[in-house]
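Given the coordinates of chain A, assemble chain B onto it according to the supplied hints.
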Amino acid sequence: MMQPMNRMGFLVLSALGLVLPGCARDDTRVAEKIDKLIKQNDEIIDLLKKGGGGPGGGRGSGRPSRPRPSPTEVYAVPLEGAAWTGNKDAKVTIVEAFEFA
Amino acid sequence: MKEYPKDLKVVYRHFLIHPQTATIPAQASCAAQKQGKFAEMYHLIFEKGYNAGRNFSQENMDTLAKEVGLDMGKFKADMAGDCTKQVQEDMALMQQFGVGGTPAFFINGRFQSGGGPPERFKPLIEEEIKKANERIGKEGVTLANYYEKWVLEKGKKKM
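From first to last, the protein sequence lines stand for chains A and B.
Our numbering runs 425 ahead of the 1-based position in the first sequence.
Our numbering runs 1419 ahead of the 1-based position in the second sequence.
Extracted from the complex, chain A is given alone in its bound form (with noise of 0.2 Å):
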């Protein structure tokens, strides 16, 4: 016969046996979960350093800006077929690449 103590331990510990394998479980889950929370995190830190991953993100985003004309150099652009304004043989020639909008 289990004395009445033995028996509280007993049950106390089936309890636990039965609990504990379950906290296990779940910690396990929660382990996988915070892991998973690091990694997106992670990836999140390095979009934002990038300067991408949503609005606003295009500035400094880290992409290939568009080459521009430098303003230093000069360019022979033609003007043979094109509409113009002005004087014909003038010291300053501007072409300008215009639309209607």
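Keep in mind the hints are simulated off the structure, nothing from the lab.
Be careful, since some hints might not be right.
As the list claims (entries may be wrong) - Below 27 Å or equal to it, Euclidean Cα-Cα: the simulated DSS-like pairs (lysine-lysine) are:
| id | chain 1 | residue 1 | chain 2 | residue 2 |
| --- | --- | --- | --- | --- |
| 1 | B | LYS1576 | B | LYS1549 |
| 2 | B | LYS1557 | B | LYS1541 |
| 3 | A | LYS513 | B | LYS1428 |
| 4 | A | LYS513 | B | LYS1573 |
| 5 | B | LYS1456 | B | LYS1428 |
| 6 | B | LYS1453 | A | LYS513 |
| 7 | B | LYS1495 | B | LYS1456 |
| 8 | B | LYS1576 | B | LYS1504 |
| 9 | A | LYS461 | B | LYS1453 |
| 10 | A | LYS464 | B | LYS1573 |
| 11 | B | LYS1428 | B | LYS1573 |
| 12 | B | LYS1495 | B | LYS1550 |
| 13 | B | LYS1421 | A | LYS513 |
| 14 | B | LYS1425 | A | LYS513 |
| 15 | B | LYS1573 | B | LYS1541 |
| 16 | B | LYS1575 | A | LYS513 |
| 17 | B | LYS1568 | A | LYS513 |
| 18 | B | LYS1421 | A | LYS464 |
| 19 | B | LYS1549 | B | LYS1425 |
| 20 | A | LYS513 | B | LYS1577 |
| 21 | B | LYS1575 | B | LYS1541 |
| 22 | B | LYS1453 | B | LYS1495 |
| 23 | A | LYS513 | B | LYS1456 |
| 24 | B | LYS1557 | A | LYS513 |
| 25 | B | LYS1550 | A | LYS513 |
| 26 | B | LYS1577 | B | LYS1421 |
| 27 | A | LYS461 | B | LYS1504 |
| 28 | B | LYS1504 | B | LYS1428 |
Just chain B now, with coordinates in the frame of chain A:
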């Protein structure tokens, strides 16, 4: 332009950022150019097209072309024919020199992007006039061939 009546020439190249709205008026101004009426059509398109709620419809372009006094048969044929090609060629040319938006300018070949008040360009225009004054009359450079000698021959052929 008004400040430099003898020293400035403005050459227009089409560059469409908004082709869905800007193609028809571009072709219309091109067709007017083929009848020697570009400047008149250009101003009318802004005045009675752009300022009229951006009405760039074919119907409105036809109305403006009549107002300018164009031969309507030729106008319509050029819009649908040569001018379709010319607008595309202008765009390809501007892209070759790195243009990515409008307005964009090459002042004696020197690039300036964006709009703004005309005063913004004054220093560069004054600088180019000064250079031209120093160069014209030397080594076969004349006012008539200045752009050819100093921009087309010496400038970069693409970006």
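So, going through the hints one by one against the coordinates:
1. LYS1576/B x LYS1549/B: Judged against 27 Å, a Cα distance of about 24 Å means the pair holds.
2. LYS1557/B x LYS1541/B: Measuring from Cα to Cα gives roughly 25 Å; hence the hint holds.
3. LYS513/A x LYS1428/B: At roughly 6 Å apart (the allowed maximum being 27 Å), LYS1428/B and LYS513/A satisfy the hint.
4. LYS513/A x LYS1573/B: Distance of about 21 Å is within 27 Å: holds.
5. LYS1456/B x LYS1428/B: With a Cα-Cα distance of about 16 Å, the restraint between LYS1456/B and LYS1428/B holds, given a limit of 27 Å.
6. LYS1453/B x LYS513/A: Given that 27 Å is the threshold and the Cα spacing comes to 17 Å, the pair holds.
7. LYS1495/B x LYS1456/B: Given pair LYS1495/B, LYS1456/B holds - Cα atoms ~14 Å apart, limit 27 Å.
8. LYS1576/B x LYS1504/B: Measuring from Cα to Cα gives roughly 22 Å; hence the hint holds.
9. LYS461/A x LYS1453/B: With a Cα-Cα distance of about 67 Å, the restraint between LYS461/A and LYS1453/B is violated, given a limit of 27 Å.
10. LYS464/A x LYS1573/B: violated, 56 Å
11. LYS1428/B x LYS1573/B: holds, 19 Å
12. LYS1495/B x LYS1550/B: violated, 44 Å
13. LYS1421/B x LYS513/A: holds, 15 Å
14. LYS1425/B x LYS513/A: holds, 9 Å
15. LYS1573/B x LYS1541/B: holds, 23 Å
16. LYS1575/B x LYS513/A: holds, 23 Å
17. LYS1568/B x LYS513/A: holds, 16 Å
18. LYS1421/B x LYS464/A: Violated: LYS1421/B and LYS464/A sit about 64 Å apart, past 27 Å.
19. LYS1549/B x LYS1425/B: holds, 14 Å
20. LYS513/A x LYS1577/B: holds, 24 Å
21. LYS1575/B x LYS1541/B: Given that 27 Å is the threshold and the Cα spacing comes to 24 Å, the pair holds.
22. LYS1453/B x LYS1495/B: holds, 11 Å
23. LYS513/A x LYS1456/B: Holds, at roughly 16 Å.
24. LYS1557/B x LYS513/A: Since the Cα atoms of LYS1557/B and LYS513/A sit roughly 21 Å apart, the hinted pair holds (cutoff 27 Å).
25. LYS1550/B x LYS513/A: Status holds; Cα separation ~18 Å.
26. LYS1577/B x LYS1421/B: violated, 31 Å
27. LYS461/A x LYS1504/B: Cα-Cα ~56 Å, so violated.
28. LYS1504/B x LYS1428/B: At roughly 24 Å apart (the allowed maximum being 27 Å), LYS1428/B and LYS1504/B satisfy the hint.
In this structure, the earlier hints numbered 9, 10, 12, 18, 26 and 27 are contradicted, and the remaining ones agree with it.
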